[in-house]
Amino acid sequence: MTFGQATLEAMQFAMDEDPNVVVVGEDISWGGNFGQFRGLIDRYGPTRVVDMPISESLIVAMSVGASVSGLRVVASMSFVEFTLGAMDEIVNQAAKFRYMFGGQVSVPIVLRASDGIRGSSGAQHSSSLEGMFCNIPGIKVVAPSNGSDAKGLLRAAIADPDPVVYLEHKKITGQRGEVVDGDHIVPLGSARVAREGTDISIVTYSNMVNHALEAAIVLAEEGVSVEVVDLRSLVPVDIETVVVSAMKTGVVLAAHESWTVGGFGAELLAQIREAVHDQSQLRTYRLGARSAPIPFSPALEPAIVPGATDIVTEVRRILAP
Amino acid sequence: MMMTTRPIDGDTAGDLLRQMQTIRAFETRIESLFKDGELPGFVHSCAGQEAIAVGVCSRLTRSDYITSTHRGHGHAIAKGIALDAIFAELYGKEAGTCHGRGGSMHVADFSIGMLGANGIVGGGFGIAVGAAFTVRYQQRQDVAVCFFGDGAANKGTFHESLNFAGVHDLPVVFVCENNRYAQFTDASYTTAVTDISVRAASYGIKGESIDGNDLLAVIDSAERAIDRARAGGGPTLINMATYRHSGHFVGDAEEYRKRGDVQANREQNDPIARFIERVVADGLLTNADVATVQTTVDAQIDAAHAFAVAAPFPDPADAMSYVFTEGVKR
Numbered sequence: 000m001t002f003g004q005a006t007l008e009a010m011q012f013a014m015d016e017d018p019n020v021v022v023v024g025e026d027i028s029w030g031g032n033f034g035q036f037r038g039l040i041d042r043y044g045p046t047r048v049v050d051m052p053i054s055e056s057l058i059v060a061m062s063v064g065a066s067v068s069g070l071r072v073v074a075s076m077s078f079v080e081f082t083l084g085a086m087d088e089i090v091n092q093a094a095k096f097r098y099m100f101g102g103q104v105s106v107p108i109v110l111r112a113s114d115g116i117r118g119s120s121g122a123q124h125s126s127s128l129e130g131m132f133c134n135i136p137g138i139k140v141v142a143p144s145n146g147s148d149a150k151g152l153l154r155a156a157i158a159d160p161d162p163v164v165y166l167e168h169k170k171i172t173g174q175r176g177e178v179v180d181g182d183h184i185v186p187l188g189s190a191r192v193a194r195e196g197t198d199i200s201i202v203t204y205s206n207m208v209n210h211a212l213e214a215a216i217v218l219a220e221e222g223v224s225v226e227v228v229d230l231r232s233l234v235p236v237d238i239e240t241v242v243v244s245a246m247k248t249g250v251v252l253a254a255h256e257s258w259t260v261g262g263f264g265a266e267l268l269a270q271i272r273e274a275v276h277d278q279s280q281l282r283t284y285r286l287g288a289r290s291a292p293i294p295f296s297p298a299l300e301p302a303i304v305p306g307a308t309d310i311v312t313e314v315r316r317i318l319a320p
Numbered sequence: 000m001m002m003t004t005r006p007i008d009g010d011t012a013g014d015l016l017r018q019m020q021t022i023r024a025f026e027t028r029i030e031s032l033f034k035d036g037e038l039p040g041f042v043h044s045c046a047g048q049e050a051i052a053v054g055v056c057s058r059l060t061r062s063d064y065i066t067s068t069h070r071g072h073g074h075a076i077a078k079g080i081a082l083d084a085i086f087a088e089l090y091g092k093e094a095g096t097c098h099g100r101g102g103s104m105h106v107a108d109f110s111i112g113m114l115g116a117n118g119i120v121g122g123g124f125g126i127a128v129g130a131a132f133t134v135r136y137q138q139r140q141d142v143a144v145c146f147f148g149d150g151a152a153n154k155g156t157f158h159e160s161l162n163f164a165g166v167h168d169l170p171v172v173f174v175c176e177n178n179r180y181a182q183f184t185d186a187s188y189t190t191a192v193t194d195i196s197v198r199a200a201s202y203g204i205k206g207e208s209i210d211g212n213d214l215l216a217v218i219d220s221a222e223r224a225i226d227r228a229r230a231g232g233g234p235t236l237i238n239m240a241t242y243r244h245s246g247h248f249v250g251d252a253e254e255y256r257k258r259g260d261v262q263a264n265r266e267q268n269d270p271i272a273r274f275i276e277r278v279v280a281d282g283l284l285t286n287a288d289v290a291t292v293q294t295t296v297d298a299q300i301d302a303a304h305a306f307a308v309a310a311p312f313p314d315p316a317d318a319m320s321y322v323f324t325e326g327v328k329r
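First to last, the sequence lines map onto chains A and B.
Sequential numbering of the first sequence, starting at 0, is according to numbering that gives the first Met the number 0.
Sequential numbering of the second sequence, starting at 0, is according to numbering that gives the first Met the number 0.
Chain A on its own, in the form it takes in the complex:
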């Protein structure tokens, strides 16, 4: 089954369990941009699966209003760039409601958004904006790398009492893979060691996990043992698992598709260093996109955003004698 179908299963488990779970978004009765919502309308009907106007501010504000009055709302924001039209509602309302109202309410909403590099989607449909969301107190951020985690994390996100930004990578939404049968929950804040190794830890998330695993195979042939840590959720972040890996290999490469400058990798490396008492034996590096809008041309896109071959090159450089 595909990553997208795995999320559909999670939606069904959540909606069957709790009649107050509703789904809103643009085009969702037609299945959504990547088919992640296909069939929900037939199963739950238009009162629970609500087609929304192209009004992103309203989609988020309405989700907030509905959630504080008794519902759990999963809102499809389509491409992650479209969340920017609702940033006021995400940052000033959803994220702040619980705190500024002194804990009177929780805001159980999930904002699903497709991000990442799919190949020539152009500057306004290729971004990865997780760093921006992680900077905002009051929202949780999830970025699965495979179908099983997509299912388990979405189930956890819908059950969570707080706002969750659920980032589903466009490149892998349609990809097939093994998915855990039946109901499946992956708690937020639990990283996964996707591949064990001893020479370097690549700490990453979303589709960059798959690039890192591909790079690890190439590097293994050169005698380099790569450990890959898949964060799965960025807020909360499982820094303990990351630090254990960092202490084991002594070398960390934080990798992501989003821009390096001000990106989540910088935050991650800082948190690792703060957690490690003796930093003399720890080397930390980061790999992300160069600071340019993502270009359309197939010749230019990989010159801005790193992939598996860039990880191989970077690891060779880091570990060069």
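Take these hints with a grain of salt, some might be off.
[To be verified] Computed spacing ranges between beta-carbons, pair by pair: (1) A:S279 with B:G40: 46 to 54 Å; (2) A:P136 with B:S62: 30 to 38 Å; (3) A:A274 with B:A252: 47 to 55 Å; (4) A:L299 with B:G155: 27 to 35 Å.
[As the list claims (entries may be wrong)] Stretches of chain A that chain B covers, calculated by requiring three or more beta carbons in the stretch to come under 8 Å of a beta carbon on chain B: (5) 48-61; (6) 80-91; (7) 95-102.
It should be emphasised that the hints constitute simulated quantities derived from the structure, not laboratory data.
Keep in mind that this is a model prediction, so the values were computed, not measured.
Idealized CB from N, CA, C, for every residue including glycine.
Go by the hints and put chain B onto chain A.
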């Protein structure tokens, strides 16, 4: 605008007057405390606009919802917020409605459906629509009222929200407190058609325009809209003409308003004075009754003020409380 002929009895008149006087006395005290440097932050007074909050909320039940604005004390009081708690919130005290995390612009009491004053102009539209969506989804009889100013009517959220409410005939009433100034700017500079209610036609919903400083007219209009919403008749957009006695915020130098205009409105268009004149002329209340209401209200404000001053501040060790729901991994 027609004078209303709504019949009310003396008890109702006294209760409505008490509520308006409570808001006025609260705002007057807050303004004075703020000017004396007693209150932290900054505050926006709704003095002069009391008839709208009191009139609309008089038609609501405890479980109905309201969303409010940066100028939200009156809405909160009219919906039934505890005076002690709102006063303490303005002092940033632990006993405040939001345990001091919110302040003047974020007073809220979800237990009475008061979904928050909101510091973002136009922030309440979608939240009210969401609450109305829940009501419809759960097949309840409640309604949601969104209070907003004429300035907010020029936000995109106005259009997005009224359109969707119109599509689904949601039980929501949009109440524009049209005080003619968007922050410091007269509506003639910013708003092509200043009677906001005519926009209702764009969304296929009912619209009407009334004198928002005539309490009984407000009640009549609110009742029509709220009854219609409860009965499944969909949203209403009401333009209620009013006037701010104070500036945008307390301490605003108000160089953008003519002194004479402010004075004339205070003297001739004060919603409380107009209501008193009316009910005394109609024999519903005596001047002695009016004086008694004022004395009672002043004592309540004194007590709430004293409570707020004496209440302890939050413990700085708890500054991180409420970012996320407690007991969940973060």
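Open item on the list: Of the numbered hints stated earlier in the document, which are not met by this structure?
Closed with: Checked against the structure, no hint fails, so every one of them is satisfied.
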